[in-house]
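With the hints as a guide, dock the two chains, each given alone in a separate frame, to form the complex.
Residue numbers (our numbering), protein chains in the order written: chain H, 60 to 314; chain A, 1333 to 1697.
Hint data in this document are derived by calculation from the structure and do not stem from the laboratory.
The beta carbon of each residue, even a glycine, is placed where N, CA and C say it ideally should be.
Incorrect hints may have been included.
The following residues of chain H were derived to be distant from chain A, with all beta-carbon distances above 10 angstroms [to be verified]:
1) P100
2) R225
3) Q237
Covered by chain A, according to a simulated footprint, are these stretches of chain H (three or more residues, beta-carbon under 8 angstroms) [what the hints assert, rightly or not]:
4) 84-98
5) 142-148
6) 257-263
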Amino acid sequence: MSDDALIRRFRRVSLGYAQGPVLKDVNLEIVRGDYLGIVGPNGSGKTTLLLGLLGVKNPLEGTIEGPDVLRVGYVPQRSSLDEIYPLTVRDVVVMGRELMGARFNTPLDLASLLDSIGLTGLEDRRYRELSGGQKQRVLIGRALAVEPELLVLDEPTNGLDFFSERALMDLVDSLFAQGRTIVLVSHLLNLVANHAHSLALVGGGRVVTGSIDQLLTGENLGQMYDMSVIVANVEGQRVILSRARDSRDTEGDPC
Amino acid sequence: MIRQPSLPVFLRALATLLVVLTGFASLAEAKDDPLAELEQQIGRPHHKASHPAPIHHEYIDPHVHPEPHLHGEAHHPLEAFSHGFIQRALLAGLLAGGLCAWLGVFIVLRRMVFVGIALAQVASCGVAFAVFAGLDPVTVALLTTLTFAIYDGMSSTRGELSTEARIGLVYLLAGGLSVILLAKSGTGEGEQLEMLQGSLLTVSSSRLVDLALLAAAVFLIHVFGRRQLIAVSFDPVGAQVVGVNGRFWNLLLLATLGTSVSLTVQSCGLLLVFGYLLIPPATGLLSGLRLPGVFCIGLVSQALSTAMGLLAAYELDLPPGPAIVVTMLIFLVIVPSIVRLCLHRKTLHGLNPSKRPVFEPRQRS
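Here chain A stands alone, though its shape is the one from the complex (with noise of 0.2 angstroms):
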């Protein structure tokens, strides 16, 4: 008979996502301006008259938050959870890492992982536009995404120059113009730095329901539509020979990876996001599990870095974005020899047998 072993799993995620979305919930009554939030807990008065841009433009020296423990005084170890600012960040991390490291496992097994970053660059490209021309960087950066990844989906594999070629340019254009565009904005060198570093610790509550909103509308369409996504993944041509339509649900992956980067580029900056599309995924590939393992395992090994990344960052002074990546990096090593190691031990007590056949050759008499 046929086991249904992936829905609970899904469903275990769904439950997840709904719990961070209940205490986010409790969150969003709280006070909705980060920067003011921020120089309150850093003893500084907050005069908005001397912030005149939208919050999610400035870009905050996280160097510049007070460190406690540093004048002498005894403080908890997740004393750091209790300000307003990180609380908001772990969640913006949690919504934004979760939504690419479920994302980026079809990346990471399609091999398209020069997209994943090509993506976040053309993000990123949208947003300095905005910036430069005075748009809304949110509706810029998800209309620029959108179309690259409608364009890598109608492209054709077939031609002169290979997918990574063509790919490779979009990069470059899309890197060269964001450099440019900043320049020429009068405020470029402090938005380039935030769409590097991220900006992780000024999210504001209303980013917040957007990320929210866009992690439950993708994760909805990933769960119902897994088994199309999985199948013209794995093999195309199967999936059409058995009534899916390839075209739709490749570009419905392209469409959610584009918005979701497009918005967590915002919130995380350009090489937080390219790691959640990459590192998770890669710990649970090489965790050793079935699909369902992967997932899982991505989802909890970005959540623990995003936690633990962020409390270094506070302890030590560090910029959060990167304090994320390299915990994610340090659990991309340590964490699939965990995996192995308990399932070897499960398989060591006859729990999991092979049933590889022996082979034993005769020799005619």
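Bound-form chain H, shown alone (with noise of 0.2 angstroms):
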């Protein structure tokens, strides 16, 4: 692997708080064009891995690999914004470019930017008076207005109805097509496994890394959540399903 390609490489990485490591151990590598879910159960530490990999947090121990200057757009989770503040939607995609201003040739084309995630005409409007969908693009535009190399992305549907979840995984599908490397977080395991091409799970401190075919199985997923869990394949889609608690217990009983 050249280090051209390199985005993050962890070796041997503990991440945590004071407090202690949340995980530790952890070994990941990420190189461009990949497409990378992280999934894990509520407390995992799937947050705490996501800092390490914006650089945001350093490592207890190990150590975290990659370019000098790497451009990296992140798309929070919408409940961790205060819609108190009086921002537009031009505001908020431009604020991280601002930022980085000196870096960038070129001026943003902002009505480009905006048609190209579905926000035509809505430059002007509240961010806060946006419904949930457009509010998480209005995010996603931020994060592509710093051209990244990286689109890291914290459990973005959360919170959307079934059609805005479709249309917001077909733009991040877009946006992988286009050659963007693209790290998505979520608890929502049907997702990932629909999306993402390799897959990190979080859980019990550490982080397992492999293909979906690899790690995706009931068995692995049934370990970590300590339930039942069926794999299926419906129409060339994956499909995760929790067997009931009582069929478990039951399973083998001729009864």
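Right, dumping it as structure tokens:
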């Protein structure tokens, strides 16, 4: 693997807080063109891993390697942003780029960017007045405005309806098709299973990486979530279902 | 293409500040003994020997200042502003109010109003300690508020106690200590009243210079760092990802806030400083404008409130600090309605058409 293609490499990394590590001995490599999904139960350390990936949190042990200058587009969880701020779509979208202004040779074509994410003509609308799906698109627009080499999305579909979720993930897939490197963090197994190309399973203080086919098995997921999980294929789509606890308890029971 | 809408607003604010400073420069050459001037206005001889303490330590009961109109003489409605001490009070109010109104926008947006009142109380505690120990009040107030600001910026949000609870404890400690120290200082009652009601009427020219320099420094920091300050306030992680040092900018914001509060409490008192920190930003936010508009409405409403409040205090024989606070609250009720009405009219005239998509459900045939 050439170093030009490297985005991030974790070598025996421990990440955590003053109270102690949350994740230990993490080995992970992301190269250009990857579409990595990070999944795990609530409180397993997905956000901690994400902060390490973004360069916001330094490792307690081990090393994180990567290019000295890497443009990262970060799409946070909508719920982490306070809607009291009287910001317009334009204000939010240009926010990151303005802070990195000196690094760009050409001005941002805001109209084209908004057009590409389905927000044509909404530049002067208040961010807080938008629907959940539109807000998520604005945050993706903000990430794209910095012309990122790596696009990181943290639970992008939380709180979205069926249609908005589909439309948003189609947008993310199209960005991947354009050559972007994507990291998608979600607790929704079906979402990650049908969009990401590789996987990092986070649980029990460890991170296991591999391909979707290798890792997304009923056995692995059952062990991670301590329940019975079925992984099926329906019309070319992976479908992951949890089996009712009663049926697991009675598995193998002829009655 | 990116529009740069906020810069002209900041430049206009800076120009306004320069105009205020220019006006101040002419006043600074005037008499630098406000108490002497005040007593000259009320027709009493000024005996310096009877006022050995620094002028800003003296509580001047505003009820004693002259009311020419009460004696049946006709007077100009703006006559109050012909007096030097009222002019200085106005300038002090404009500078302190402008500073606090600007910083208050961040306080309200970051939901840290309690930090604002706690900072003001800590500054008062610093003044009380200085009075008790015979130290310079400004230096002690500055040290105590900066210490609290840094403590607040560095302290972790995780723990057994919430941030509000910890700040509340600091507020109670500072409030209790202030009263105890003042009671033991020998001149406690006067100082306590001065801290609550402010001493706008006795602001000296040297204090105005301090305020003007501080205002210039804070505005410069905030003009050049506005994008960073807004970014770390709105999305701390996102700001760090694009290379903004979140901890540094947060500490800088708290340091400018602490410095401003410690100095303005000396000139305006606890109540007025907290009013300046909260009411003008709330007026701006309730007006439904974008962020630059919020700053502008806050600055303009505090300036008008200060002038009208002082005028009301002079005409109606009221303490100036509370009069300004009440005027600001009246502006809080009126201004957002007027601004929203203007915006609504603009929308009705088609200048700002709503682009909300129309939902047209279709039924399956």
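Of all the hints numbered above, which does this structure not satisfy? Sort the numbers upward. Result: hints 4, 6 break, sorted rising.
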